[in-house]
Amino acid sequence: MKVSAADWFLLSPELFLTASGLLILSIAVFVEKAKEEFLAFLTLISVVITIGLVAFLSGYHGRSTPILAGMFVLDNFAIFFKLLMLLSIALTVLASIQFVGRTPYPAGEYYALLLFTGVGMLFMVSGNNLVSIYVALELMALSSYILAGYFKGEIKSTEAALKYFVLGAFSSGVLLYGLSLIYGVAGKMGLPELAKLFETQEKSNLLIVGILLILAGLLFKIAAVPFHVWTPDVYEGAPTPVTAFFSVGPKLAAYAILARIFYVAFPKFHADWGLIVAPVSAATMVFGNVAALLQTNVKRMLAYSSIAHAGYALMGVLGFRTEFGLWGILVYLLAYTFMNFGVFALVVFLETRGYAAESVSDFNGLARRNMTAAVVMLVFLLSLAGIPPTAGFIGKYYLFTAAMKAGYAWLAVIAVLMSALSLFYYFRIAAAMFFSEGEGVPLKSSYALTAAVLICAAATIVIGVAPQPFVEMLRACVIKAP
Amino acid sequence: MELMGIWIPILSIVTYVPLLGALAIVFFFPKERTGAIKTVATIVAIVDLVVSLPLWFLFERGREGYQFVEKFSWIPSLGVDYHFGIDGITLLLILLTTLVGVIAVACSYTAITERQKEYYVLLLLLQTFMIGTFCALDLFLFYVFWEVMLVPMYFLIGVWGSDRRLYAAIKFFLYTLAGSVLMLLGIIALYFYNTTGFLGYKGLGQPPTFSIEKLTAVAAGMPPELQVWLFFAFFFGFAIKVPMFPFHTWLPDAQTEAPTAGSVILAAVLLKMGTYGFVRFSLPMFPDAINTPWVRGVVVTLAIIGIVYGAMVTLVQKDMKRLIAYSSVSHLGFVMLGVFALNMAGLQGGILQMINHGISTGALFLLVGMVYERRHTRMISEYGGLARPMPIYATYFLIMALSSMGLPLLNGFIGEFAILQGAFAVSFWWAFFAATGIVLGAAYLLWLYQRVFFGEITNPANASLADLTGREQLPLVPLVLLAFWNGIYPKPMFEVLRLPAEKIVAAVGGRTLPNPALARKASPVGAETSPSREAP
Chain A
2 MKVSAADWFL LSPELFLTAS GLLILSIAVF VEKAKEEFLA FLTLISVVIT
52 IGLVAFLSGY HGRSTPILAG MFVLDNFAIF FKLLMLLSIA LTVLASIQFV
102 GRTPYPAGEY YALLLFTGVG MLFMVSGNNL VSIYVALELM ALSSYILAGY
152 FKGEIKSTEA ALKYFVLGAF SSGVLLYGLS LIYGVAGKMG LPELAKLFET
202 QEKSNLLIVG ILLILAGLLF KIAAVPFHVW TPDVYEGAPT PVTAFFSVGP
252 KLAAYAILAR IFYVAFPKFH ADWGLIVAPV SAATMVFGNV AALLQTNVKR
302 MLAYSSIAHA GYALMGVLGF RTEFGLWGIL VYLLAYTFMN FGVFALVVFL
352 ETRGYAAESV SDFNGLARRN MTAAVVMLVF LLSLAGIPPT AGFIGKYYLF
402 TAAMKAGYAW LAVIAVLMSA LSLFYYFRIA AAMFFSEGEG VPLKSSYALT
452 AAVLICAAAT IVIGVAPQPF VEMLRACVIK AP
Chain B
198 MELMGIWIPI LSIVTYVPLL GALAIVFFFP KERTGAIKTV ATIVAIVDLV
248 VSLPLWFLFE RGREGYQFVE KFSWIPSLGV DYHFGIDGIT LLLILLTTLV
298 GVIAVACSYT AITERQKEYY VLLLLLQTFM IGTFCALDLF LFYVFWEVML
348 VPMYFLIGVW GSDRRLYAAI KFFLYTLAGS VLMLLGIIAL YFYNTTGFLG
398 YKGLGQPPTF SIEKLTAVAA GMPPELQVWL FFAFFFGFAI KVPMFPFHTW
448 LPDAQTEAPT AGSVILAAVL LKMGTYGFVR FSLPMFPDAI NTPWVRGVVV
498 TLAIIGIVYG AMVTLVQKDM KRLIAYSSVS HLGFVMLGVF ALNMAGLQGG
548 ILQMINHGIS TGALFLLVGM VYERRHTRMI SEYGGLARPM PIYATYFLIM
598 ALSSMGLPLL NGFIGEFAIL QGAFAVSFWW AFFAATGIVL GAAYLLWLYQ
648 RVFFGEITNP ANASLADLTG REQLPLVPLV LLAFWNGIYP KPMFEVLRLP
698 AEKIVAAVGG RTLPNPALAR KASPVGAETS PSREAP
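Just so you know, the protein sequences line up as chains A and B, in that order.
The first sequence maps to residues 2 to 483 in the numbering used here.
The second sequence maps to residues 198 to 733 in the numbering used here.
Worth flagging that the hints you see were computed from the coordinates, not collected in a lab.
Here the structure is a predicted model, which is why all the values come from computation and not from measurement.
Please note: incorrect hints may appear among the correct ones.
Claimed, not checked - Just so you have them, the derived chain A footprint on chain B, three or more residues with Cβ under 8 Å:
| no. | stretch |
| --- | --- |
| 1 | 352-366 |
| 2 | 571-581 |
| 3 | 674-684 |
| 4 | 697-706 |
Unchecked claim - Estimated spans, in silico, between C-beta atoms of each pair:
| no. | chain 1 | residue 1 | chain 2 | residue 2 | range |
| --- | --- | --- | --- | --- | --- |
| 5 | B | Gly-232 | A | Val-230 | 56 to 64 Å |
| 6 | B | Gly-394 | A | Glu-200 | 35 to 43 Å |
| 7 | B | Thr-498 | A | Leu-295 | 32 to 40 Å |
| 8 | A | Glu-203 | B | Gly-262 | 22 to 30 Å |
| 9 | B | Tyr-398 | A | Val-136 | 42 to 50 Å |
| 10 | A | Ser-13 | B | Ser-270 | 33 to 41 Å |
| 11 | B | Thr-446 | A | Leu-198 | 54 to 62 Å |
| 12 | B | Ser-270 | A | Ala-56 | 44 to 52 Å |
| 13 | A | Val-230 | B | Gly-394 | 37 to 45 Å |
| 14 | A | Gly-185 | B | Gly-394 | 21 to 29 Å |
| 15 | B | Gly-418 | A | Ala-7 | 34 to 42 Å |
| 16 | A | Gly-185 | B | Tyr-364 | 43 to 51 Å |
| 17 | A | Glu-110 | B | Glu-311 | 46 to 54 Å |
As the list claims (entries may be wrong) - Part of the chain B face toward chain A, derived, beta carbon under 7 Å:
| no. | residue |
| --- | --- |
| 18 | Glu-344 |
| 19 | Val-345 |
| 20 | Tyr-398 |
| 21 | Met-509 |
| 22 | Leu-512 |
For glycine and all other residues, C-beta sits at the position ideal for the given N, C-alpha and C.
Next up, chain A with everything else stripped away, as it sits in the complex:
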């Protein structure tokens, strides 16, 4: 295989990000603990430059441009995910500066690992071949296992890393086994070739088993029931900015390849995998919401809430039969990224102010201590519950329509009822913030964190009030048949 200049050019964001990660890792050796903010700044700059590169490339690709002889592909779909994931990394850096600064652990590795995770994700969403997808996924996964255990002196963090690693490795194995079965049946690895082959080939049992194994591996990554058990522990134990990142970044990547594989290669077998995805979606919504209802620990509650949201998103996956499903999931993910990151960023805020942010009562009286933080938190909570006019409502609206359109009205009924139920636990936090008396001392936030939170809040409101430009843009990001 010959690597052409065009390949280098189209891979420049990934290459640049890798180089930045290595650079930060090596500089970090010489940077004193007190001056580590410099590393964060450097990370932020490199992420912003990468965003610039991706944006620049968006003008330079055709409908779908193959890279490295079709191992990867650059299309609007990939560009959208890359931009959103890079943004989530930038937000994570902003939310981490103070948080990491007050711990004894070196920041250089932290930021470098964050960037390496990012590299894996960038490759993943471009992946157009079962092998390249798997390798990129492993790069992302291995970096994130280490990030989860970054507070190596703390038992919870170590436990989180271990659980994440063991279960993650197992699920990767399942995924890999599925990929190998597909290869065994089809003799091909490229997604477009597979799609073409399946147009004529009838399904076989082996093929279906392969598809279901891939599905199981990916359902683990997006934390759908019954592959969700790692989520609450990992979200609780990992450093909170990392949790915020986990709840959006790697999930975005997982949804992206779920879409790539199932929308491009397996749409013909929709009836078969739909049979599994529909009950999984229902179970995820019901279990996630009910479990969140019973939680008093905020981080665990939010973990279950993200599980519930995976259930909603699976309705979009079910809609992959039509363009509407993919479009819906894109709109939803855009909304989800901002609102879910925002909610975790506010937990980070409380933690940097000396609260464990474990019980809801840590939010008591926040409205009196920092009105802006309380109102912004309220916006995120409303958005998560799907109350208009917020981004969360628009996202859920698209998912509900996707489910109805795909013929799963019963699923949509469960989804709306669960989404009403979710308000109950989200508003426990709102009630604590606005109704309870807390300590009267005002709480101030750092500039970086404030910036991250306000970006999320602004996006949540703008997408909710004026969704038109966003949804139109996303319609253009739906994968086109090559």
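Since the structure of chain A is already known, use the hints to place chain B on it.
Below, chain B alone, put in the same frame as chain A:
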């Protein structure tokens, strides 16, 4: 609206004046300056009332369809428009809302002493959302306003309510939300039926739209079994809001725990959202479903149970606010009965009774709030003989209680009579049960009045209660005037309601019955009451 050649989006102005006022308070007034905040809130509410008054005078009575229409594209990808417009029904409801807006602010001056800035901001936000709900002619836009309205109300109950406020606030939110999300699915189904189809139903293939007018026509042409499904999807949204038996339990909690202004708004405006929904959406959209005997039977049965059961539960209440809250269940049952009589008398009476209930019950909550401020209890047993220290208060209370129980010359009579007449035209038994409700209504209100105002002063704390001040009377006066106006000369109200009501009755396939009650009472002209046409 055109004024001197310039187009003025008057409905948007009426809708967003409170929002702008709220933003002004948020950004320009620190929370310590409570006096200034109150003044601004009052001015904003009054300005809103003033700008809404031209609607009444400029509204063309004889014109079919919606007026003061504003239409812009909002989310073209989905076919969502920013589409405002009103007809006679919403005209009355909007005017009621802007009036109640002023009253709500005015009755809060002394009652609310904590976190005043947030309070007035929420009150004004709530007003914007309520008016928006009535103005919206696009289902998507309607849904946005309908949902977001819950948020300020939740906080009004939760922060400034009484003892069980947390429970009441979340119960209010969850109940109404659960209903409205099902409505959302109904809306999505309608949308798909109009465009590409779903669940085996072949769509009409028309361009996507959420226009209420267009979707109404589309829905009315749907196969009956789909209509029944969608009717119930919408039904839960509206019935919980009304609230109809057995979905009513949130209401006594919410209304009892809410601060006075919250109770007034709940009674006067928020509950009308549900009945408005039935009138605007359910009736014209799902005529086949409604004319299915069992569907109509279920709704009417629930309405009648609501009337009788609500009234009987009201009788045994010990808490004044709770008593009035339960009486709302009964009164709203009346409205539902009138609406589902599917004839002119019933429908017009039902809509009028929505307004009347807003006036009477709103005023009663206001009055209870005033005595609560003095004594900090709402228990009936704590009172007795109040007529002696507070004669003016007793007079207002009497007028409003009488109006609520439907005494002739006062507003309640007109609505109830028309509803009874409409119900009677359908079935003797409907009218019979409804009439029982009226008797019970007189019983609980007179008994309440007797226990609170007559007899000796048994509790020394009541002996020296101050009577109403001029400021306290101010919000009551317009309500009393309206009660008399509606009771003595309801013709203008019927005039604005006639065309939209005829349209709905025709759409749902009912008969446009003449309305002799109005001919007798209202006007020497009586032209509006003659049967204009027989529906096919």
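Structure-based check of all given hints:
no.: 1; hint: 352-366; verdict: holds (count 6)
no.: 2; hint: 571-581; verdict: violated (count 0)
no.: 3; hint: 674-684; verdict: violated (count 0)
no.: 4; hint: 697-706; verdict: violated (count 0)
no.: 5; hint: B:Gly-232 with A:Val-230: 56 to 64 Å; verdict: holds, 57 Å
no.: 6; hint: B:Gly-394 with A:Glu-200: 35 to 43 Å; verdict: violated, 26 Å
no.: 7; hint: B:Thr-498 with A:Leu-295: 32 to 40 Å; verdict: holds, 37 Å
no.: 8; hint: A:Glu-203 with B:Gly-262: 22 to 30 Å; verdict: violated, 58 Å
no.: 9; hint: B:Tyr-398 with A:Val-136: 42 to 50 Å; verdict: holds, 46 Å
no.: 10; hint: A:Ser-13 with B:Ser-270: 33 to 41 Å; verdict: holds, 39 Å
no.: 11; hint: B:Thr-446 with A:Leu-198: 54 to 62 Å; verdict: holds, 60 Å
no.: 12; hint: B:Ser-270 with A:Ala-56: 44 to 52 Å; verdict: violated, 28 Å
no.: 13; hint: A:Val-230 with B:Gly-394: 37 to 45 Å; verdict: holds, 40 Å
no.: 14; hint: A:Gly-185 with B:Gly-394: 21 to 29 Å; verdict: violated, 40 Å
no.: 15; hint: B:Gly-418 with A:Ala-7: 34 to 42 Å; verdict: violated, 56 Å
no.: 16; hint: A:Gly-185 with B:Tyr-364: 43 to 51 Å; verdict: violated, 60 Å
no.: 17; hint: A:Glu-110 with B:Glu-311: 46 to 54 Å; verdict: holds, 50 Å
no.: 18; hint: Glu-344; verdict: holds, 5 Å
no.: 19; hint: Val-345; verdict: holds, 6 Å
no.: 20; hint: Tyr-398; verdict: violated, 11 Å
no.: 21; hint: Met-509; verdict: violated, 31 Å
no.: 22; hint: Leu-512; verdict: violated, 33 Å
The structure fails hints 2, 3, 4, 6, 8, 12, 14, 15, 16, 20, 21, 22 (numbered hints given earlier, in ascending order).
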